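A.B. asks: Sequence:
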Amino acid sequence: MKIKLLFILLSLSQLLFSQESLGLDSGKRDILLFNNGVDSNRALLIIAGIHGDERETVTVANFLKDTLNGNKTIYFIPSVNPTLYSKEVNRRGYLREQLDSRGYIKDGSDLTKFNKTLYYRIFYGNQNTYINGIDHYVDPNRDFINRVLPTTKVLIDLIDRLLERHSELIILSLHGYMSGGRVYPEYKITRGNNFIVESRPWEIAQLLGKGIGYKPEMMYSPAIPILDRFKGEFIAYTGKIDRVIALDIELDSDSKNNSQRVLNGINSLLNYLDKE
Numbered sequence: 158m159k160i161k162l163l164f165i166l167l168s169l170s171q172l173l174f175s176q177e178s179l180g181l182d183s184g185k186r187d188i189l190l191f192n193n194g195v196d197s198n199r200a201l202l203i204i205a206g207i208h209g210d211e212r213e214t215v216t217v218a219n220f221l222k223d224t225l226n227g228n229k230t231i232y233f234i235p236s237v238n239p240t241l242y243s244k245e246v247n248r249r250g251y252l253r254e255q256l257d258s259r260g261y262i263k264d265g266s267d268l269t270k271f272n273k274t275l276y277y278r279i280f281y282g283n284q285n286t287y288i289n290g291i292d293h294y295v296d297p298n299r300d301f302i303n304r305v306l307p308t309t310k311v312l313i314d315l316i317d318r319l320l321e322r323h324s325e326l327i328i329l330s331l332h333g334y335m336s337g338g339r340v341y342p343e344y345k346i347t348r349g350n351n352f353i354v355e356s357r358p359w360e361i362a363q364l365l366g367k368g369i370g371y372k373p374e375m376m377y378s379p380a381i382p383i384l385d386r387f388k389g390e391f392i393a394y395t396g397k398i399d400r401v402i403a404l405d406i407e408l409d410s411d412s413k414n415n416s417q418r419v420l421n422g423i424n425s426l427l428n429y430l431d432k433e
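The opening position of the sequence shown corresponds to residue 158 in the working numbering, with each subsequent residue numbered one higher.
Accuracy of the hints is not assured; some may be wrong.
Listed below are the simulated SDA-like cross-link pairs for lysine to any residue, each with C-alpha atoms no more than 20 Å apart in a straight line [unchecked claim]:
(1) K222 with L430
(2) K367 with N424
(3) K432 with L179
(4) K372 with K432
(5) K372 with Y334
(6) K222 with N428
(7) K432 with T230
(8) K372 with N424
(9) K432 with K222
(10) K222 with L179
(11) K432 with H323
(12) K222 with N421
Quick caveat, the hints were computed from the structure, so don't treat them as lab data. The model shown is predicted, which means the values in this text are computed figures rather than measured ones.
Can you make the complete structure from the sequences, with help from the hints?
C.D. replies: Set out below in structure tokens:
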């Protein structure tokens with residue numbers, strides 16, 4: 158009887174779970190959004206598969222999709238680069254035929270990272286696109302922006318759409334890897350190199366990191382401007398930043414149980430939100 162009841166409950170949960178295509182990546186594969194079917198004022202959006210060398214994030218996101226529950230709306234994008242994860246890839250995570258002679262991604266499906274530089278990022282401010290951190294490895298004449306902008310725009314449009322439904326959106330972007338693992342809060346830039354991290358995102362980042370099991374000393378202080386690259390990976394400036402809390406979770410390269418650990422952390426976050 159218990160087994161039958163459990164089967165019925167699982168079937169009902171799957172009926173509530175929905176999915177939709179947000180659009181196509183540069184390889185013409187669907188970028189899928191999953192929704193747990195719960196309707197709440199606050200919502201979580203979990204994004205993975207952002208960079209080509211972060212394959213485990215896709216595994217973790219799919220595990221979370223199949224196991225997370227609660228009374229908050231949760232959205233999942235297991236991979237914003239489904240083309241990169243559709244075949245066997247080399248050890249760097251990229252399909253060899255996707256690399257040009259210099260090691261750049263030919264089709265732009267790795268949205269923000271070249272293998273020769275970690276400082277080439279697309280940032281978004283006031284709905285305008287601009288380049289930050291071009292170095293001598295990057296050819297400014299390449300049409301990189303034109304290739305990646307459709308995928309990035311899909312995510313920005315999604316955030317705007319979700320904010321029409323929810324009063325607050327917490328975005329968790331999964332990345333890899335960092336020895337010991339870290340959680341980075343979103344921040345706002347003022348002038349020059351002055352960085353301001355809002356207190357609520359910082360508190361949530363610390364709570365999430367603690368729930369995952371990351372050591373406190375591995376968390377960056379808001380005063381350290383190492384957070385530079387997290388200003389705008391698809392998520393920051395949609396024009397409604399005051400209603401968005403964006404955190405980056407870097408998986409622990411030393412751990413063999415990242416899926417369960419991240420699940421524990423997000424459950425801690427959900428319990429915290431329930432008590433607010």
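A.B. asks: Give a verdict on every hint.
C.D. replies: Hints, verified against the model:
no.	hint	in the structure
1	K222 with L430	holds (19 Å)
2	K367 with N424	holds (11 Å)
3	K432 with L179	violated (33 Å)
4	K372 with K432	violated (24 Å)
5	K372 with Y334	holds (15 Å)
6	K222 with N428	holds (18 Å)
7	K432 with T230	holds (16 Å)
8	K372 with N424	holds (18 Å)
9	K432 with K222	violated (23 Å)
10	K222 with L179	holds (17 Å)
11	K432 with H323	holds (18 Å)
12	K222 with N421	holds (13 Å)
The structure fails hints 3, 4, 9 (numbered hints given earlier, in ascending order).
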